[in-house]
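Enquirer: Going down the list, the protein sequences come from chains H and L. Anchor point for the first sequence: position 69 equals 74 in my numbering, and the numbering is continuous, going up by one each time. Anchor point for the second sequence: position 45 equals 1105 in my numbering, and the numbering is continuous, going up by one each time.
Treat the hints loosely; a few may be bogus.
[Unchecked claim] What the simulated footprint calls covered on chain L by chain H, stretch by stretch (three residues with Cβ under 8 Å from a Cβ of chain H suffice, anywhere in the stretch; the number is not a length):
1) 1097 to 1104
2) 1162 to 1173
[Stated by the list, open to error] Below, in silico cross-link-like pairs of lysine to aspartate or glutamate (DMTMM-like), each with a Cα-Cα straight-line distance of 20 Å or less:
3) H:Lys64 <-> H:Glu21
4) H:Lys55 <-> H:Asp101
5) L:Lys1074 <-> L:Asp1148
6) H:Lys102 <-> L:Glu1112
7) H:Lys64 <-> H:Asp100
8) H:Lys102 <-> L:Glu1123
9) L:Lys1115 <-> H:Asp101
10) L:Lys1124 <-> L:Asp1087
11) L:Lys1101 <-> H:Glu45
12) H:Lys107 <-> H:Glu45
13) L:Lys1074 <-> L:Glu1119
14) H:Lys102 <-> L:Glu1147
15) L:Lys1115 <-> L:Glu1147
16) L:Lys1115 <-> H:Asp100
17) L:Lys1115 <-> L:Asp1125
18) L:Lys1126 <-> L:Asp1148
19) H:Lys31 <-> L:Glu1119
20) H:Lys55 <-> H:Glu21
21) H:Lys107 <-> L:Asp1125
No wet-lab data here; the hints were simulated from the structure. Beta carbons are placed, not taken as given, at the ideal position from N, Cα and C, and that holds for glycine.
So the chains spell out like this:
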Amino acid sequence: QQPVQSPQAVILREGEDAVINCSSSKALYSVHWYRQKHGEAPVFLMILLKGGEQKGHEKISASFNEKKQQSSLYLTASQLSYSGTYFCGTELRRDDKIIFGKGTRLHILP
Amino acid sequence: GAVVSQHPSRVICKSGTSVKIECRSLDFQATTMFWYRQFPKQSLMLMATSNEGSKATYEQGVEKDKFLINHASLTLSTLTVTSAHPEDSSFYICSARTGQETQYFGPGTRLLVL
């Protein structure tokens, strides 16, 4: 089943923060986050495995709440290069197929 | 990260012809490759899962006789769109799974059927 992403779209000014949510009605093994720019293939950001871990780079991090089957992607002090469509993908079992949400379009204004 | 290539990047063909798209993992062996289709401003829709040396597993609603998938080696999978029609025009993206539990996407192939 396709995970549900929210919001559908976000417009921010450079330097502002954003949170993108991804939820599933089924118990998940993992959540994958990707960013896709227009006309390009998705680029892998990070994977979170069940166990409630949090991961991240300096300004892009994510958490996975296993009890709620929800993951959130946090973009801190956004940069112009963060613009694009963010997809979460969910896996029900290890090495299973990944099903992607409908995406969240993020537009950063200077 | 791992590198996945696709060829061609763009193809225009006449209705009724067949088109083959190649997906290669360049610096790793991929036991599993996936084929997705993406329409403008929409999500990535999984078409099929391709395992090396075995038949592909197609998602519900995807015609296996129309979208032929071959995964002949650990670094190459091909998707052939047979008797293409204008409604098959789309962005086709492959991905390959490494042993590190994630998938890496190829750059995609934009297909336009006239």
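Enquirer: Look at each hint and say if it fits the structure.
Expert: Outcome of the hint check:
1. 1097 to 1104: holds (count 3)
2. 1162 to 1173: That given contact holds, which follows from 7 residues of the stretch 1162 to 1173 of chain L lying within Cβ reach (below 8 Å) of chain H.
3. H:Lys64 <-> H:Glu21: Holds, because 11 Å separates the two Cα atoms, which is no more than 20 Å.
4. H:Lys55 <-> H:Asp101: 14 Å, holds
5. L:Lys1074 <-> L:Asp1148: It holds: about 11 Å lies between the C-alpha atoms, which stays within 20 Å.
6. H:Lys102 <-> L:Glu1112: Holds - the C-alpha atoms of Glu1112 (chain L) and Lys102 (chain H) are around 15 Å apart, at most 20 Å.
7. H:Lys64 <-> H:Asp100: 29 Å, violated
8. H:Lys102 <-> L:Glu1123: 18 Å, holds
9. L:Lys1115 <-> H:Asp101: 16 Å, holds
10. L:Lys1124 <-> L:Asp1087: Judged against 20 Å, a Cα distance of about 29 Å means the pair is violated.
11. L:Lys1101 <-> H:Glu45: Distance ~12 Å between Lys1101 (chain L) and Glu45 (chain H) Cα, so the pair holds.
12. H:Lys107 <-> H:Glu45: 16 Å, holds
13. L:Lys1074 <-> L:Glu1119: 26 Å, violated
14. H:Lys102 <-> L:Glu1147: Not OK: Lys102 (chain H) and Glu1147 (chain L) at ~25 Å, beyond 20 Å, violated.
15. L:Lys1115 <-> L:Glu1147: Not satisfied, since the Cα-Cα distance of roughly 25 Å exceeds 20 Å.
16. L:Lys1115 <-> H:Asp100: 17 Å, holds
17. L:Lys1115 <-> L:Asp1125: 12 Å, holds
18. L:Lys1126 <-> L:Asp1148: OK: Lys1126 (chain L) and Asp1148 (chain L) at ~10 Å, within 20 Å.
19. H:Lys31 <-> L:Glu1119: The hint holds at about 19 Å.
20. H:Lys55 <-> H:Glu21: With Cα atoms ~29 Å apart, Lys55 (chain H) and Glu21 (chain H) exceed 20 Å; violated.
21. H:Lys107 <-> L:Asp1125: 27 Å, violated
Checked against the numbered hints given earlier, this structure breaks hints 7, 10, 13, 14, 15, 20, 21; the rest are met.
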